[in-house]
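Turn these sequences into a full structure, and let the hints steer you where they fit.
So the chains spell out like this:
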Amino acid sequence: MASRLATSLAGIPLRNPVLAASGTFGYGREYAGLVPPACLGAVITKGTSLEPWPGNPPPRTVETVAGMLNAIGLENPGLAHLVEEDLPWLQSQGATVIVNVVGRCVDEYVEMAAALDRRREVAGLELNISCPNVDKGGMAFGSHPETAYALVRAVRRRTRLPLLVKLSPNVTDIVRVAERVRDAGADGLSAINTLVGMAIDLDSRRPVLGNVTGGLSGPAIKPVALAAVWRLAAVGLPVLGMGGIWDWRDAAEFLMAGAAAVAVGTATFARPRAMLEIVAGLEEYLECRGLKNVSELVGEANPTFRASG
Amino acid sequence: MASRLATSLAGIPLRNPVLAASGTFGYGREYAGLVPPACLGAVITKGTSLEPWPGNPPPRTVETVAGMLNAIGLENPGLAHLVEEDLPWLQSQGATVIVNVVGRCVDEYVEMAAALDRRREVAGLELNISCPNVDKGGMAFGSHPETAYALVRAVRRRTRLPLLVKLSPNVTDIVRVAERVRDAGADGLSAINTLVGMAIDLDSRRPVLGNVTGGLSGPAIKPVALAAVWRLAAVGLPVLGMGGIWDWRDAAEFLMAGAAAVAVGTATFARPRAMLEIVAGLEEYLECRGLKNVSELVGEANPTFRASG
Amino acid sequence: MELVGASVLTHEALGAGYHRLVLAAPEVALQCRPGQFVHVRVSEDRYPLLRRPFSVARRGDGTITLLYRVVGKGTALLAGLRPGGCLDLLGPLGSGFELLPGRRAVLVAGGAGIAPLLFLAQLAWETGHPVRAVVGAAQAAELVGTADLGELGVPAAYATDDGSLGHHGPVTDLLEGSLAGEALYACGPPAMLRKVQTLAREQAVPGQLSLEASMACGVGACRGCACRAHGGYRMVCTDGPVFDLEEVVLDG
Amino acid sequence: MELVGASVLTHEALGAGYHRLVLAAPEVALQCRPGQFVHVRVSEDRYPLLRRPFSVARRGDGTITLLYRVVGKGTALLAGLRPGGCLDLLGPLGSGFELLPGRRAVLVAGGAGIAPLLFLAQLAWETGHPVRAVVGAAQAAELVGTADLGELGVPAAYATDDGSLGHHGPVTDLLEGSLAGEALYACGPPAMLRKVQTLAREQAVPGQLSLEASMACGVGACRGCACRAHGGYRMVCTDGPVFDLEEVVLDG
Ligand SMILES: Cc1cc2nc3c(=O)[nH]c(=O)nc-3n(C[C@H](O)[C@H](O)[C@H](O)COP(=O)(O)OP(=O)(O)OC[C@H]3O[C@@H](n4cnc5c(N)ncnc54)[C@H](O)[C@@H]3O)c2cc1C
Ligand SMILES: Cc1cc2nc3c(=O)[nH]c(=O)nc-3n(C[C@H](O)[C@H](O)[C@H](O)COP(=O)(O)OP(=O)(O)OC[C@H]3O[C@@H](n4cnc5c(N)ncnc54)[C@H](O)[C@@H]3O)c2cc1C
Ligand SMILES: Cc1cc2nc3c(=O)[nH]c(=O)nc-3n(C[C@H](O)[C@H](O)[C@H](O)COP(=O)(O)O)c2cc1C
Ligand SMILES: Cc1cc2nc3c(=O)[nH]c(=O)nc-3n(C[C@H](O)[C@H](O)[C@H](O)COP(=O)(O)O)c2cc1C
Ligand code: FES
Ligand code: FES
Chain A
339 MASRLATSLA GIPLRNPVLA ASGTFGYGRE YAGLVPPACL GAVITKGTSL EPWPGNPPPR
399 TVETVAGMLN AIGLENPGLA HLVEEDLPWL QSQGATVIVN VVGRCVDEYV EMAAALDRRR
459 EVAGLELNIS CPNVDKGGMA FGSHPETAYA LVRAVRRRTR LPLLVKLSPN VTDIVRVAER
519 VRDAGADGLS AINTLVGMAI DLDSRRPVLG NVTGGLSGPA IKPVALAAVW RLAAVGLPVL
579 GMGGIWDWRD AAEFLMAGAA AVAVGTATFA RPRAMLEIVA GLEEYLECRG LKNVSELVGE
639 ANPTFRASG
Chain B
339 MASRLATSLA GIPLRNPVLA ASGTFGYGRE YAGLVPPACL GAVITKGTSL EPWPGNPPPR
399 TVETVAGMLN AIGLENPGLA HLVEEDLPWL QSQGATVIVN VVGRCVDEYV EMAAALDRRR
459 EVAGLELNIS CPNVDKGGMA FGSHPETAYA LVRAVRRRTR LPLLVKLSPN VTDIVRVAER
519 VRDAGADGLS AINTLVGMAI DLDSRRPVLG NVTGGLSGPA IKPVALAAVW RLAAVGLPVL
579 GMGGIWDWRD AAEFLMAGAA AVAVGTATFA RPRAMLEIVA GLEEYLECRG LKNVSELVGE
639 ANPTFRASG
Chain C
873 MELVGASVLT HEALGAGYHR LVLAAPEVAL QCRPGQFVHV RVSEDRYPLL RRPFSVARRG
933 DGTITLLYRV VGKGTALLAG LRPGGCLDLL GPLGSGFELL PGRRAVLVAG GAGIAPLLFL
993 AQLAWETGHP VRAVVGAAQA AELVGTADLG ELGVPAAYAT DDGSLGHHGP VTDLLEGSLA
1053 GEALYACGPP AMLRKVQTLA REQAVPGQLS LEASMACGVG ACRGCACRAH GGYRMVCTDG
1113 PVFDLEEVVL DG
Chain D
873 MELVGASVLT HEALGAGYHR LVLAAPEVAL QCRPGQFVHV RVSEDRYPLL RRPFSVARRG
933 DGTITLLYRV VGKGTALLAG LRPGGCLDLL GPLGSGFELL PGRRAVLVAG GAGIAPLLFL
993 AQLAWETGHP VRAVVGAAQA AELVGTADLG ELGVPAAYAT DDGSLGHHGP VTDLLEGSLA
1053 GEALYACGPP AMLRKVQTLA REQAVPGQLS LEASMACGVG ACRGCACRAH GGYRMVCTDG
1113 PVFDLEEVVL DG
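Chains as they are written, first to last, in the numbering used here: chain A, 339 to 647; chain B, 339 to 647; chain C, 873 to 1124; chain D, 873 to 1124.
Everything labelled a hint here was simulated from the structure, so no lab data went into it.
This one's a predicted model, so the numbers in the text were calculated from it and none came from an experiment.
On the chain B side, residues computed to face chain A include the following (Cβ under 10 angstroms):
no.: 1; residue: Thr551
no.: 2; residue: Gly552
no.: 3; residue: Gly582
In this text, a Cβ means the ideal position worked out from N, Cα and C, and glycines have one as well.
Encoded structure:
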């Protein structure tokens, strides 16, 4: 069973192509009773910074039609906690771990990358240059190709870990950003982060979220995410596709569009075992079609797909 | 009853602030048996070009979760048909008409605007520089502030009609585009057009749409649209807000965010009388709150709102 | 075109996912012709979002009958509707079949395509127009509407893909032999329609095809339901769903 | 924490939009403590998307009771659940109340806030802990759970905003007078909680508050349900929903 789904992403060997999306699975512990982290392709941690970040004022989430907005503001316990508590635990569980890295400036990203570089517990890094919910860092880096280039280049110099860069859909040309990220030495692309959105409470006549705007995720955004992955498939880097994936059919569509693997976020909140169900569904689908490995699906629907590495 | 909802948008007097969004209400005739065009704030016509356009190969639409993708490709019968058939009919019905204008190049937009300039049946123009479904024209003009500026400036020179410019959400900074559109002499902003998205058919392993990608509309995108309107409210031009509006509560949220009026698109497909229900709902809401005119709602939730005109 | 809340009179599962739904909808019943469809809301809220189109399969006294098959989320929701419930319905919409005078009508149905042809059979019966039918499905259990054809005295031949009833093979095999003096009225999967088009051309008999397309508005406003025709695209919802066989260009 | 399909044993409308839902959920019943909640799926598909949190209002033999009010789409869907139906349920989640030894427990409930306090009353009854209750609502029809309190022998005073039953005014008016030797356990609207906080501080009595926040995961993974506390934000789903009265900073 394992072998049919076994694959790799940007040089990271994966048990299967279904990963936990950053910020929706904590550090793996929170859902451990329901989802053994070792059953996933990988756990991508909550966005983590050098020092602990407090996050944004509440309310931080609100449901929308078939989606949700979040403005967590990257609350996280910081690098030391990650290294001392979370990584050892994740390793003890046999999880493949990708650390989602955030910073307020290039130096902070670089320092995080350097600190994690030699850690065996870490299989790869995902640079979050696309969080819409923080003033400094986040989307500011991912909105312009040259800023993104400079950041990735600086980080690349300080780590040999496989480097995924997480892209924002809130740009005029995501492919252009991706190309510069590639040129700067990234090993893979994660797409997409959330779309900027907001909700207003008719009774209080105020924005619902403490931060006014938030990031839209969930099934509502799936078509946008799929289009982004489709376009990114031509860039020549492996793509980790995500955005609104709910079931194995969605996952298969992302793979066919050109994603080397997928991540599941918001669906986990509704169905904690969604990722495990997706793994099982993909397995069955491959079997039905008589395919030997999931990589045979990748890019199947997309003539512009350019296989990489 | 009329007076409480009576308002104006970019110099166009409106019976009420609920308009039919371009491309979802044809030329008013198709739904006339159910929605008398004179009961709407205005009818915005299907995007119309100098010559008839054939549109994109089928399939052109596909449903998504709480939304839909369309890749109509601006099929329309052209200016002559508009002028000879549709405008006279709309006028005979007592409708306020805004013509949504498309072109493949600046000259075509200008020529359309010039041709419609002196027509009494036309209350205003909405320049579509944001259609994601055509190769030439459409989004190509709306994606870059300076291209948008040049187009609007050229059109402005040739018409005294109130000029709305319809913006694309598929950009890094919609406010920047809006500011340049304002500088070029636009009277108002329409936001948003559809988000680029796609769907894949798992059985055929091909994109569902003939055009591969399409524009996402409907309730799924409401949070994105509301955030765009919120941000645009600071630009200083009246905003026609749209994107996912389903009921009067949604409409009220857009007004509170800073929209001077709203347009309803996809909801009409599901509930042909949605616009009339929204008009009634807003009327009742104003009455409940003891407000004399709908303009008192506009920008109520938004401290950055800058009243215009 | 009316927008009505039709109440459910009876709702019957026919097996193989097919259902027969009888609705009280006097205004629609009064206006509708065979080949026309109704556009139906399957949810009360925003998901699933769009209406679903279904052919009128029969007209009664103030009633219409739909014959549909559960294929996805919308039809699954529809199947949950109980007698006494209410269905939000827009219609009748689209063009209808036209029985060509002086020619025996041959109804060619594949799968759920039987629905509009049953209504056409009803009209033929009412007007004394000569008619026969060939009906195909994947397997015997999926052959629906056969009793209705019998009731209307329509001679019918059957075909199944698996040979479980009637001819073993595509329904169009049943059209072999001379079609002289006949006209074809077909509704079914694309491959079947292409074959019908070819056969009609070969024998120079006229015919009409009912096409499907995914629909948003159903009334010609969105331009979403295009099909290919000689001379450009046509809208399935208003120019069709019934087209002259010679008019449309079938893909594939 | 368990993820279970709980079957509906009884489901009763109590009027004013309130419902009492009794579920067979042995694993949850075994583990849960007063103040904890379950996170419930209200739809089978993608809309409404997120689970809804509800306090456990009573524990029976292998069963738990929810007491909820219909306020929006999710609770409206919940209200449609019939006996024999199945509810997808994650729990028990969060921290619970802790009965402080040596102090009489004063349950302060506003509206649907009665739910977790009924379970606390049950525990007090089971352990012989002294307890009294003050319960408020907008109007008499919205005072629910009064019979349960009576059954558990909990002396209770009532208040309504419109004076239709009991004291005419906010429920916190019923806390006037000395609270010496008592501890407050409160759940209800923010304004009520603030008042309880103030009163407790004035009289230097301890207490615990059950807070609400909109929740995505319910298990601490998303960091979405933050509330303000001295020394930073805390998560309502895992640090709470029950907090020491001194710990949290209430807005407004
Ligand atoms: C004019 C017209 C008349 C029709 N009459 C009937 C009828 O009398 N009886 C009947 O059973 N069906 C009929 N159909 C088809 C029916 O509309 C679809 O089966 C239905 O919309 C599917 O809805 P769903 O939500 O269950 O499926 P979805 O979940 O939307 O889709 C499930 C599958 O059905 C396909 N599908 C979806 N919509 C359509 C569509 N409009 N046309 C073709 N395939 C579609 C999808 O591609 C997918 O493979 C008609 C279609 C048209 C256009
Ligand atoms: C820990 C916890 C325990 C709860 N226990 C109970 C209980 O025992 N009985 C009960 O009736 N209710 C309880 N609630 C509140 C209950 O979760 C909400 O009423 C429910 O989620 C509303 O869902 P809806 O879809 O009907 O409303 P929506 O359509 O989502 O919203 C309708 C209205 O309710 C408000 N609302 C939505 N979610 C929440 C929420 N989580 N907290 C507060 N307000 C909300 C919205 O702002 C809106 O004004 C509890 C909430 C929490 C956080
Ligand atoms: C509550 C929440 C928190 C998130 N936090 C992060 C984060 O810390 N870093 C990051 O790169 N993405 C974060 N994301 C984005 C997700 O990883 C993912 O890109 C997005 O939600 C789209 O996927 P989905 O629709 O499956 O949720 C967060 C999303 C949600 C809903
Ligand atoms: C089928 C369809 C056709 C459309 N055609 C046009 C068009 O011709 N010109 C235009 O400016 N916008 C067009 N739009 C965009 C809508 O006017 C509107 O901006 C968008 O759909 C968001 O609103 P909604 O979610 O209420 O539909 C079209 C949208 C749809 C769904
Ligand atoms: S469905 Fe809208 S034009 Fe046919
Ligand atoms: S709801 Fe996710 S952390 Fe509390």
